[in-house]
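Student: Protein chains in written order, with my numbering: chain A, 1 to 93; chain B, 1001 to 1389; chain C, 2001 to 2300.
Fair warning: there could be bad hints in the mix.
[Claimed, not checked] Just some of the chain A residues that point at chain C, by a computed CB distance under 7 Å:
id: 1; residue: Gly31
id: 2; residue: Val67
id: 3; residue: Ile75
id: 4; residue: Pro77
id: 5; residue: Glu78
id: 6; residue: Phe79
id: 7; residue: Tyr82
[Said to hold, decoys possible] Below, in silico cross-link-like pairs of lysine-lysine (DSS-like), each with a Cα-Cα straight-line distance of 25 Å or less:
id: 8; chain 1: C; residue 1: Lys2083; chain 2: B; residue 2: Lys1206
id: 9; chain 1: C; residue 1: Lys2023; chain 2: C; residue 2: Lys2083
id: 10; chain 1: C; residue 1: Lys2083; chain 2: B; residue 2: Lys1002
No lab work stands behind these hints: they were computed from the structure.
Beta carbons are placed, not taken as given, at the ideal position from N, Cα and C, and that holds for glycine.
Here's the letter readout for the chains.
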Amino acid sequence: MPVRQRETPFGLPRPETPHGEIVILEERCKGCGFCIEYCPHGVLDTAKKYNAKGYHPPEIIKLELCVNCGFCRMICPEFAIYTYERPKAGEKP
Amino acid sequence: MKADPKGVLTGSHYIDGDFACCEGALAAGCRFIAGYPITPSTEVVERFARRAPLVDRALFIQMEDELAASIAIQGAVWAGKKAMTVTSGPGFSLMMEHIGLAAMTETPCVFVDVQRGGPSTGLPTLPGQADMMQARWGSHGDYEIIALSPNSPQETFNLTIDAFNLAEQYRVPVMLMMDECVGHMMERVVIPPAEQIEITPRRFTKLPPGEYLPFKPAEDLVPEMFKAGDGYRLHVTGLTHDFRGYPAMSPEVQEQLVHRLVNKIRLNAPKIWRYEETGVEDADVVIVTYGITSRVAVEAIDLARKKGIKVGMLRLIVVWPFPEERIFELASRGKAVVVAEMNYGQVFFEADRAARGKAPVILAGHGGGTVHNIEDIVKKIEEAHRCRS
Amino acid sequence: MSVIKELQKASLSPAAGLTSPEKHPMDDFLRMDRMPHIWCSTCGIGVSVNCFAKALEKCAYPLDDVVVVSGIGCTGRVAGYVKVDSFHTTHGRAIPFATGLKLANPKLKVIVFSGDGDIIAIGGNHFINAARRNIDITVICLNNFNYAMTGGQVAATTPADSILSTSPYGNFETPFNLPFLAESVGAVYVARWTSLHVYNQTNAMVEAMQKPGFSFIEIVAPCPTIFERQQKMGDGLDRLRWYCENSEIRTDAGTKEADIRLRDKMIVGKFVDVERPTYLDAMNAHYQEHLGSKYKVYEG
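Whenever a hint applies, use it, and build me the whole structure from the sequences.
Tutor: Structure below.
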């Protein structure tokens, strides 16, 4: 007999997908493109503007898809981008 | 401060120069030796290998080559210990890059060179004194070091302690230039009780992290030191650096740093010079010598005096910085100089330069392999005496 | 002439660092007064420093006890940018310097962070002997397959047929297989990751630092300005895409199969994780056995 999957196993709440806020330190960016390429949800893209060094930093195009995985922060060679968990309503960041 | 009694083998011993060097290091507070076997210096590290496990907090490691030994001691110094390495001619050549690093980063450490016949593999078991210029100029770039030369096992013990003290005082690598004769001769060495041995502690800074600048010099041009693990979180590099230790490669910083490294010894030289004079005041000829050759020169002086020539001896104890003022003074008073050394002219050129033409300077040189013939030195004394008149 | 003087003056100025007031969570770990660092855009060294910072955070070592030693080269500049006691030593001799540091004060956590030429070519002798002795240090070797700082010369790790300035017709030498070499000389922890594998890299660094003994991590990194450009492989991002396609994480691979060929698949992963007494443990045990109560255990 096939076992039916319950949607909510034994009273536990459904885990919430985290949401992230992204901070881009544009002046540090050297335009490598790692964060843009490897964001699993395609949240970032190359900006049209230049920073003072002449590189195109990333810009956020789909903030609502950011899940605070932190991969962009880890793979940035310039320490130019990081994320943090979006504070829930009423909480401070 | 006084020596730590745990390292001092107080008493009267019958040991050779190499053993005396090891005992001197332990008495001075050296607790880390990284070495590599090379004749005729091996006995120093053999002695330390035997002593270290029984002396509190001492460690000996035989590294894979002299390059590793000469930089491992610098790692140990920056971790807070006093450290020394020991070698002879071929190993000394290998250590040159790291002598330069020690001079540039102002790391206080001691390099012992028990000189043998050279160049290259040369005469491993026989004496020479042909590394003297190398001690001074061996590494690339502008820098100054201090070099000492003992002429007996007792003096080796004493000068090893002095080498450590000078290294800590001036934050500079110090060379102890022995030779195979002094290293392998056995004589009485009296080691006093620890309370009679004066050692210079490391000039650690008392400033807190954030205020302390690791390469900012004090009044005597020597900066205070720190050690890794004390919370200073500083950077030490062989690149030209500013007061913070950060690489700053520009002519202005080069001038500020390297000129100070050189002046550190040059301007403090009168405090560092040390030599022993016998019978110089009334002499017409002065023998300038060091190490084992000085002991042969003593005999030569006796013979010459019997022949009616007034000869004195200036025995260099600190060879670098060279006591050029004293040589100039003696030459200006019309005294001829004979430089007796076991090479074909090294300290001779320094003495000649220092005399500035005021008096004849003659070399009583010898290729090494054995000590001078007394008669050869006497002949040179006679020649100098003739030149003088 | 005056333009040059202005540039020289600017490089001497303490404010030659970043003027932006913005902060990154890892800034406390870096010497921000020296930023931006000198590494090229899309170079893999910055990524490894980022992972190292994270690894230190995870290990929670007191940063006062951490010491980074590096040699000469692009990777050798890492020591200058991390805010711990750091030593930028001579070419190839970071490992014996680290040995001296560690043996003189075993409480220090000593990490050697240097390049492939520095560690395994000129420093090869020191590498194999420190591994043999199992000195308790962690060696992070950033392998970009050439001597980058001096303009891109062939190295002991350069894959065959690579074109570099001292192999202008292609490299005919056989390169080292670093994990194989490290295992054969007795390293207790051997892993290889690429600049793409940031989480694996970080975890490997944590494991290596926490493991007593000689741990070795090889990080294959892009060198876009020189290596990738000379081999016409694009820039660092193209190379990361290549790593994605061509690196294979294997948990069962022996180090003998870990050769790297220029355009072939590459094995990454943790190869070796064994136990062996460290140099100091072996020394203390040995002297206690042979000298008995006369010996006081060496603790620094």
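Student: Straight-line Cα separation of Lys2083/C and Lys1002/B no greater than 25 Å?
Tutor: Judged against 25 Å, a Cα distance of about 36 Å means the pair is violated.
Student: Would the stated hint for Tyr82/A survive a check requiring a Cβ distance to chain C of less than 7 Å?
Tutor: holds (6 Å)
Student: Does the structure keep Lys2023/C and Lys2083/C at a Cα separation of 25 Å or less?
Tutor: Holds - the C-alpha atoms of Lys2083/C and Lys2023/C are around 15 Å apart, at most 25 Å.
Student: When the nearest CB of chain C is found for Val67/A, is that gap smaller than 7 Å?
Tutor: Given a least distance of 15 Å, the restraint on Val67/A is violated.
Student: Going by Cβ atoms only, is Glu78/A closer than 7 Å to chain C?
Tutor: holds (6 Å)
Student: Restraint: Pro77/A near chain C, CB-CB cut 7 Å. Satisfied or not?
Tutor: The hint holds - Pro77/A has a Cβ within 7 Å of chain C, the shortest such distance being about 3 Å.
Student: Could you check if Ile75/A really has its C-beta closer than 7 Å to a C-beta on chain C?
Tutor: holds (5 Å)
Student: Taking the least C-beta to C-beta distance, is Phe79/A closer than 7 Å to chain C?
Tutor: holds (5 Å)
Student: Minimum Cβ distance from Gly31/A to chain C below 7 Å?
Tutor: At about 6 Å, which falls below the 7 Å cut-off, the nearest Cβ of chain C leaves the hint on Gly31/A intact, so it holds.
Student: Would the hint linking Lys2083/C and Lys1206/B be met if the CA-CA limit is 25 Å?
Tutor: Holds, at about 21 Å.
Checked against the numbered hints given earlier, the structure breaks hints 2 and 10 and satisfies all the rest.
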